[in-house]
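Engineer: Sequence:
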Amino acid sequence: MNKKISNILKEISDYLELKGENVFKVRAYRDASRIIENLDFEIKNLEDLKNLKGIPKIGKSIIGRVEEILKEGESLYLNELKKEYPIELEELLSIPGLGIKKIRLFYENLNIKNIEDLKDALYSGALYHLPRIGEKLIEKIKRGVEFREKNRGLPFPALFDVIGELTKRFKDHHLSYYITGELRRKKEFVKNLDFVFYDIRDLDVLSDIINIENIDESLYYKKISYTFENLSGSIYIPSSGLLWNVLFFTTGSKSHVMEVIDKYKKTNISFWKERFKREKDIYEKIEIDVIPPIFREGFGEFKWYNPAFVISKKDILGEFHVHSTWSDGRSEIEEILYEAANRGYEYIGISDHSASLTIAHGLSIEDVEKKGREIEELRDKNPIVYPLFGAEVDIRADGSLDYPDEVLKSFDYVIAAIHTNFGLSIEENTRRIISAFRNPYVIAFAHPTGRELGIRPGYEFDREEVFKEAARNNILLEINGTPRRMDLDSYEIYKLRSLGLKYILSSDAHYVSSLSNIENSLVIANKAGLEREEVVNTYKLKDVFLLFNTIREGKIRNE
DNA sequence: GCCGTTTTCGGCCCGACTGTTTTCAGTCG
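Quick note on numbering: the numbering used here labels position 549 of the first sequence as 552, and the sequence is numbered without any gaps.
Derived by calculation from the structure, the hints in this document are not laboratory data. We put the CB at the ideal spot given by N, CA and C, even for glycine. Any given hint might turn out to be false.
Quick list of simulated restraints, FRET-style, between CB atoms [said to hold, decoys possible]:
hint	residue 1	residue 2	range
1	S221	E111	49 to 57 Å
2	E287	E77	45 to 53 Å
3	L49	E409	54 to 62 Å
Okay, derived cross-link-like pairs now, DMTMM-like style, lysine to aspartate or glutamate, Cα gap no bigger than 25 Å in a straight line [said to hold, decoys possible]:
hint	residue 1	residue 2
4	K7	E70
5	K171	D205
6	K306	E337
7	K85	D43
8	K505	E349
9	K53	D43
10	K412	E262
11	K257	D211
12	K104	D43
13	K374	E349
14	K7	E168
15	K374	D318
16	K53	E87
17	K13	E87
18	K269	E232
19	K306	E349
20	K316	E290
21	K412	E337
22	K28	E91
23	K28	D123
24	K53	E71
25	K306	D318
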């Protein structure tokens with residue numbers, strides 16, 4: 004329920020801003036939304052409301068709104084706001100270049116309420132007549148709309164709520180199902196929510212639950228294409244006795260399935276004539292290793308998959324990319340250490356933002372020193388988890404780093420990252436990143452592509468150049484597990500395997516509750532077939548220090 | 001809307017960049 008409440012509060016804040024309400028009121032809702040999203044307890048019923056009391060920035064009014072959501076299942080307040088402004092605000096806001104002000108301008112002048120209206124206006128030229136709207140902006144919005152159209156879906160960790168909602172309705176109607184397709188494979192970005200139904204008695208109820216768009220029938224299954232809450236997918240109903248064939252077939256990926264079916268052809272067994280009792284029989288029948296769904300991406304898994312190499316949660320001994328209250332994190336270092344101990348970590352790196360990222364309270368040089376002392380003091384207390392003194396330092400447009408070398412030197416490690424000047428050319432960004440890699444104190448490169456799934460593709464740079472340079476300097480690439488990022492992507496990592504790079508898995512947590520994001524990174528690492536040796540989070544602390552020293556010394560020698 | 005007070009109002013988070021302008025509004029992190 005927290006996610007739902009948080010989404011509603013975020014929406015309220017956006018509609019209030021659209022209305023031109025007091026900016027601090029808007030911010031209050033936005034803050035409350037973020038806080039509730041990151042609570043470490045669930046708000047399920049009215050009883051839980053008392054746990055909200057006393058949480059900073061959650062006051063009487065907000066609790067009242069939450070109470071209403073719990074009682075009504077929706078926010079009447081938000082509904083009122085939406086009635087006043089019948090705009091699909093969240094959808095429009097997801098287009099880069101569009102903010103609340105422009106959306107209001109478009110709505111008031113051209114009655115643009117959603118992406119469809121916006122598309123009409125973009126291509127009819129109607130937008131040109133509005134004040135402060137020029138060619139470049141229109142092109143940017145066009146690109147954003149097209150990107151969005153092509154990338155409709157959600158990162159798999161962001162789908163739990165909608166899947167929960169959908170499957171609850173299936174269960175209420177006694178519909179039995181298996182999740183299949185991209186979601187079963189935990190693909191980073193899921194475009195289709197696919198299910199296999201079995202043991203079906205009554206399908207007529209389906210139209211109460213989802214929007215049925217199309218029904219196809221083949222020899223082996225019936226396929227119902229549907230939409231639900233802005234997402235689309237398919238429901239497969241296997242022909243008699245073909246449940247496991249269909250589940251395997253629809254799980255994909257296409258190339259994985261084809262490879263298996265080819266092997267069947269070669270052994271003269273007809274895949275579709277078999278009546279399997281379990282999915283693993285499909286593999287065992289032709290004497291190959293059973294491959295679990297997340298590995299079935301067609302990245303050569305038949306060659307490299309080995310259950311002994313799969314990295315598990317307990318192999319993770321720590322991580323390096325966590326924000327504390329020193330910058331824009333909401334948890335104190337001590338709290339983070341406590342939570343890290345609960346996760347069974349040996350160490351955890353607190354890497355706050357650097358000075359120029361003022362919105363994220365990037366640390367001034369004086370604050371860096373103070374934070375360093377705090378970490379020293381915590382170490383003196385001999386905590387279960389060893390705190391590492393890190394930093395996520397901005398790479399400026401010219402490739403220089405946001406702190407001078409004397410400061411960079413004081414950290415246990417430095418992660419370089421791009422947060423600004425996204426619009427530079429490929430050449431400029433490539434030069435910029437490479438020059439950061441050559442700094443002797445830079446150990447890792449955070450969220451390497453800068454993508455936001457379904458929102459923007461990330462900045463442009465010469466992938467080959469940059470990753471080769473990373474290999475030359477032993478720069479560790481991050482696999483960022485923040486759902487909206489999931490950056491790097493498993494396919495990209497798979498393609499890079501010949502370079503011999505090493506990786507760090509990161510939660511990029513701003514709240515202790517999001518430390519679990521690292522499990523998303525772990526899925527990506529496993530999908531790409533990485534082994535423990537390639538994932539620094541599996542190293543013991545002394546080996547981490549050893550590795551970091553080697554990286555730094557390697558670069559200093561080459562200077 | 002929240003918070004804290006030398007306590008019920010007044011303060012609360014900024015700065016670069018872009019694209020539009022010709023001095024600045026809006027977006028973004």
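Engineer: Now, for every hint given, state plainly whether the structure supports it.
Structural biologist: Against the structure, the hints come out as follows:
1. S221 with E111: 49 to 57 Å: For S221 and E111 the Cβ distance comes to about 50 Å; the hint holds.
2. E287 with E77: 45 to 53 Å: Distance hint for E287, E77 holds at roughly 49 Å.
3. L49 with E409: 54 to 62 Å: holds (56 Å)
4. K7 with E70: holds (13 Å)
5. K171 with D205: holds (16 Å)
6. K306 with E337: violated (44 Å)
7. K85 with D43: Given that 25 Å is the threshold and the Cα spacing comes to 30 Å, the pair is violated.
8. K505 with E349: holds (20 Å)
9. K53 with D43: The hint holds at about 14 Å.
10. K412 with E262: violated (51 Å)
11. K257 with D211: The given pair, whose Cα atoms are some 31 Å apart, is violated under the 25 Å limit.
12. K104 with D43: Roughly 35 Å between the alpha carbons, so the hint for K104 and D43 is violated.
13. K374 with E349: holds (20 Å)
14. K7 with E168: holds (11 Å)
15. K374 with D318: violated (29 Å)
16. K53 with E87: violated (32 Å)
17. K13 with E87: holds (17 Å)
18. K269 with E232: violated (43 Å)
19. K306 with E349: Not OK: K306 and E349 at ~33 Å, beyond 25 Å, violated.
20. K316 with E290: violated (29 Å)
21. K412 with E337: Roughly 24 Å separates the two Cα atoms, so the pair holds.
22. K28 with E91: holds (21 Å)
23. K28 with D123: Cα-Cα ~34 Å, so violated.
24. K53 with E71: holds (14 Å)
25. K306 with D318: holds (23 Å)
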